[in-house]
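Asks: For reference, the chains in residue letters:
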Amino acid sequence: MACGPVELICQLLVGLSRSMILFVVCAGLSFVLGVLRVPNIAHGSLYMIGAFATFSLTKIFPGSTGFWIALIVAPLLVAVVSLIAERALFCHLYQREHLMLLLFTFALSLILGDLVKIVWGAEYRSVSAPALLKGSVSILGASFPRYNLFLIVIGPLVAIALWLFTNKTKIGKISRAAAVDREMVGVLGINVSWVFAAAFVIGCYLAGVGGALVAPTVSITLGMDHTLIIEAFLIVTIGGLGNMWGALVGSLIFGVTHSFGVLFWPQFAIVFPYMAVVIVLLLRPKGLLKSVW
Amino acid sequence: MFKRIVHSKGLGSAVALFIVLLILPPLVPRFYVYILALIYVTSLLAMSLNMVVGHGGMFQFHHAVFYGVGAYTVALVLTKTSLPMWIGFIAGPIVAAITGLIIGWFCVRLTRLYFAMLQISLGSLIWAIVFRWYSFTGGDDGIHGIPMPSLLSSLNNSYYFILIILVICLIMMYMILKSPFGNALQAIRDNPQRCEAVGINVRRYQLLGIVIATFFAGVAGVLFVVLERSVFADLLFWVFSLEIFIMCLLGGWFTFAGPILGAAIIMALRTFVGKYTEYWTLILGVILILVIFFLPEGVMGYFQEIFKPRTK
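If you read the sequences in order, they're chains A and B. Just so we're aligned, residue 1 is where the first sequence starts under our numbering, counting upward by one. Just so we're aligned, residue 1001 is where the second sequence starts under our numbering, counting upward by one.
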């Protein structure tokens, strides 16, 4: 087990790039959680759909442009799926207690999971990175995949975009207001149901972005939704429910502890992030940053 | 007066059902005996979850962990140690209850969604350890071919053993829920602030509720091993926890026997639908949506609602 400084830095970068994918997904989850106050279990399934759609789109558009098209189209596809689910079923449940909303999202995840199986089958799929991001660069003598650097760049961009959206645009401000006091927003003459729909679709769109981004780095398979959603839940919990910066902090903790776990004790690497989450929750049961609730 | 009659009716039909189930095994094919036994195990698990969810009002989102811990404990004692076998059978529920005590101790400091999230994270930690610790728990392969006492060697004997333990546990649960403790637990569900004001130590009652429920989940885990002679890490996976949750919802949260009905429906459907299609989770999802929209009180709750006015 080599633990020189170069390996440490490389592993840190690997952890950061993984964190950024987690962040993109968790920011969406956190956004939905903040506005609708529902932990969307179907979020993981939408992420999986994003990844599978990316696979199909790169097959339809071969060559290096395929991935870029997929990066734009796949999340939109996911957003359309979530919009249909929201308007057809979910929006009728807003008056009900929260447990029902939560179980509804679980039902949705079960259905979407099997729909993916029907559409794409149970085989392992893989997507190759676009030509521009193929290969690796040398950092301090160690080679580092170029695609992971791209991820490290894209994460903060998403964070900034989301911050601008929630703080500088009207719909973002309304959705933040709805998160704090939905009745008051309704009293002001705003159609809260559509605000919720918009928030839900935006959150799910981010799940699709995460799925598209993760596609070239992993083998795409059924069951990736289940592992991801539990990680995403833990991340938004340790970050503070509904807090986007909390999602960022949580993702960094989760991704980096996992990658260092791989370095030091590969067999139990999966345990390290859970340990970190447990420690955070024992010290600060309501998360590191302030929850929007 | 009315309540007593309903209860005696319920008791009468329960005894009749018990007698039917007792004489059933020689009469039906082996496969059905196995499915019935599996339904008993799962109903005990769902009943134990409903003690904290339906009657206690806590968001116990990772109940399968305690089931899995009970099952793994008995499996490990029977395969890795030379201790007498009955120690394994007793150790299963006790270790599950201790796990419940530890996890519950942290969880009861929080409420609702935070409670659920903390429990999912602590439960997932246990799942991750079981999933990865190949030398001890067999990792994702699990442990198979667990030796059983000769008394439980045949399927019919296991069936009777499981049925009798189930009935004993159900009687114990009923007595617990009708005791002052059970009433306090339900009062906490309905109004925690008021309970605190009248001097009930809310957290301690909730913690005790979790420990009792996890003990019964451990019993269910032991029974699972008796039936299947194998354990695997999926027993502790959170998806399974939510499936048990669905069983409680489908049967009826606020009824005593609802979860049994829910578990029976889900397990029977899974077995028979699984023969024709591989898309069982799709069907489960559709069932769940239908229940959420049309039967929020569950099947049992629905029938209680229907029959109430007539008997009054």
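These are calculated hints, taken from the structure and not from any lab test. Keep in mind that this is a model prediction, so the values were computed, not measured. By construction, the Cβ of each residue, glycine as well, lies at the ideal position given by its N, Cα and C atoms. Heads up, some of the hints might be wrong.
To be verified - Derived, one-sided and incomplete: chain B residues facing chain A with beta-carbon distance under 7 Å:
#, residue
1, Ala1091
2, Ile1094
3, Ile1098
4, Ile1102
5, Val1108
6, Ser1135
7, Trp1238
8, Leu1242
9, Thr1281
10, Leu1284
11, Leu1288
12, Ile1289
13, Leu1290
14, Ile1292
Asks: A separate judgement is required for each hint: does it hold in the structure or not?
Replies: Hint-by-hint comparison with the structure:
{"no.": "1", "hint": "Ala1091", "in the structure": "24 Å, violated"}
{"no.": "2", "hint": "Ile1094", "in the structure": "23 Å, violated"}
{"no.": "3", "hint": "Ile1098", "in the structure": "17 Å, violated"}
{"no.": "4", "hint": "Ile1102", "in the structure": "11 Å, violated"}
{"no.": "5", "hint": "Val1108", "in the structure": "11 Å, violated"}
{"no.": "6", "hint": "Ser1135", "in the structure": "9 Å, violated"}
{"no.": "7", "hint": "Trp1238", "in the structure": "6 Å, holds"}
{"no.": "8", "hint": "Leu1242", "in the structure": "5 Å, holds"}
{"no.": "9", "hint": "Thr1281", "in the structure": "5 Å, holds"}
{"no.": "10", "hint": "Leu1284", "in the structure": "5 Å, holds"}
{"no.": "11", "hint": "Leu1288", "in the structure": "4 Å, holds"}
{"no.": "12", "hint": "Ile1289", "in the structure": "5 Å, holds"}
{"no.": "13", "hint": "Leu1290", "in the structure": "9 Å, violated"}
{"no.": "14", "hint": "Ile1292", "in the structure": "5 Å, holds"}
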